[in-house]
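Q: One letter stands for each residue in the lines below.
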Amino acid sequence: MSAAGSPNPEYVVARVRARRGSLFGDEEYRKLTRMGPAEIARFMEESTYGEEVNALGSRHGGVDLIEYALNRNLAEQFDAILDWSEGSLYDLIARYLRKFDAWNVKTVIRGVYTDAEQSAVEVDLIRAGEFDDRRIRRLLEADSIDGVIEVLEDTIYGEPLREAYAEFEETDVLVPLENAVDRAFYERLLSGLGGDEPTRQYESFLKAEVDFRNATNALRLARSGADIDPAAYFIEGGDLFTRSSLARLAQNLDELVEYIGDSQYGEELGPALRELEEADSLIAFEHAIDAALLAYGDRLGTIHPVSVTPVISYILAKERETENIRAIARGKEAGLSPDEIESELVIT
Amino acid sequence: MFEATNELGNLVLSTGGTLTDPNAAAALAVGLAALGAGYAERGIGSAAVGAMAEDDDLFVNGLILTVLPETIVILALVVVFIV
Chain V
1 MSAAGSPNPE
11 YVVARVRARR
21 GSLFGDEEYR
31 KLTRMGPAEI
41 ARFMEESTYG
51 EEVNALGSRH
61 GGVDLIEYAL
71 NRNLAEQFDA
81 ILDWSEGSLY
91 DLIARYLRKF
101 DAWNVKTVIR
111 GVYTDAEQSA
121 VEVDLIRAGE
131 FDDRRIRRLL
141 EADSIDGVIE
151 VLEDTIYGEP
161 LREAYAEFEE
171 TDVLVPLENA
181 VDRAFYERLL
191 SGLGGDEPTR
201 QYESFLKAEV
211 DFRNATNALR
221 LARSGADIDP
231 AAYFIEGGDL
241 FTRSSLARLA
251 QNLDELVEYI
261 GDSQYGEELG
271 PALRELEEAD
281 SLIAFEHAID
291 AALLAYGDRL
301 GTIHPVSVTP
311 VISYILAKER
321 ETENIRAIAR
331 GKEAGLSPDE
341 IESELVIT
Chain D
1 MFEATNELGN
11 LVLSTGGTLT
21 DPNAAAALAV
31 GLAALGAGYA
41 ERGIGSAAVG
51 AMAEDDDLFV
61 NGLILTVLPE
71 TIVILALVVV
81 FIV
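Keeping their order, the protein sequence lines are chains V and D. If you count by UniProt numbering, then the first sequence holds residues 1 to 348, one letter each, in order. If you count by UniProt numbering, then the second sequence holds residues 1 to 83, one letter each, in order.
Please keep in mind that the hints were generated in silico from the structure rather than gathered at the bench. Quick reminder that beta carbons are idealized off the backbone N, C-alpha and C, glycines included. Where hints are given, some of them may not hold.
For each label pair, taking beta carbons as the anchor points, the in silico distance ranges come out as [unchecked claim]:
hint : chain 1 : residue 1 : chain 2 : residue 2 : range
1    : V       : 46        : D       : 71        : 52 to 60 Å
2    : V       : 106       : D       : 32        : 51 to 59 Å
3    : D       : 29        : V       : 195       : 34 to 42 Å
4    : D       : 32        : V       : 302       : 44 to 52 Å
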């Protein structure tokens, strides 16, 4: 686990490809949608999630057990990938996995803000990022937002959070802090990427992700009609939008849809965009975006077989798997029918 | 690196012409082939170990694939018998 030494994509890719084979396929999902929460937990016990389900089984039950087992498995798998990789490969993978650090920081801040129990916050963390257990422990022990920022002083989040803290004190809403965390993550994500061909492919994937995130944010704002400045939510680094064009397009839903349809993503998102115009359903569009990203990731994994891209492609697929299982379990809990749940899943 | 090899060749040719000796040239050929095989096995070996770590059944396949580039050296050895 270090950024020293020469990259070892062969080793990491071989392990990741083997693990990819054990991800759930169509057949398993179909089975899962017809099970109750207890049965899903049992099914997971017999799959790659066995260890986590057994470890957590005595403390939690039902959908919570599934949820925590998924989080823990995700964290362990991604930590292992970081553990194996060396050199520039480590740097490239850690860039993406830092999003879990950002998630953890936001969760802790929310926990402090709402005076949640320490143990309640702890189970919601996904320890897949670069933060070690010691830092996470200190984060959990912090009893004020100021204390959280102090723990993060020497990380990339320290300075932006410190700046946003003043605004937080004035308005007492979390948005400035959460935006600061997101922005610190995305700034770091795309800065100083190397120049070889697989890395460029990876970069264009990251840019697509930023574009999609901007597009969803803009669509949500445009649909809700809320009087919020879209530029405040803008994430730098994408190709599709600039700060001003996003601000302008978020005013008008039709123009925005047309703009996305004409862009380089138009082909993949076309059907979803038409659905958005007809049925006015954002959910379908967000699923289409997820599916497009996943398909992009799959394609990415085959162009340069021995590089960072298959690893990222696996990380995406694994994330998607945990989200699908979570959707199934939550859907079951809410009493949705198998068909309704299936429409919530993103499977390529 | 290539310039250095060139210079080395020139030097050898001008001083005693050791490389024009067939035996020496054959030895060099085998050596370079072995170097190439070693480089190829580096990548295959680390991938094979990675695959084996996930699934023990892959040991035989991994072993076979890892030593496949060794055939290059065996072919290069033929040169030794020809000269």
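Q: Does each hint fit the structure? Answer for all of them.
A: Hints versus structure:
1. Roughly 43 Å separates the CB atoms of residue 46 of chain V and residue 71 of chain D, a value that falls outside the hinted 52 to 60 Å.
2. For residue 106 of chain V paired with residue 32 of chain D, a C-beta distance near 56 Å keeps the hint of 51 to 59 Å intact.
3. As the Cβ distance of residue 29 of chain D to residue 195 of chain V is approximately 36 Å, the hint placing it in 34 to 42 Å holds.
4. The hinted range of 44 to 52 Å is not satisfied by residue 32 of chain D and residue 302 of chain V, whose Cβ atoms lie roughly 33 Å apart.
Hint check: violations occur at hints 1, 4; the rest are consistent with the structure.
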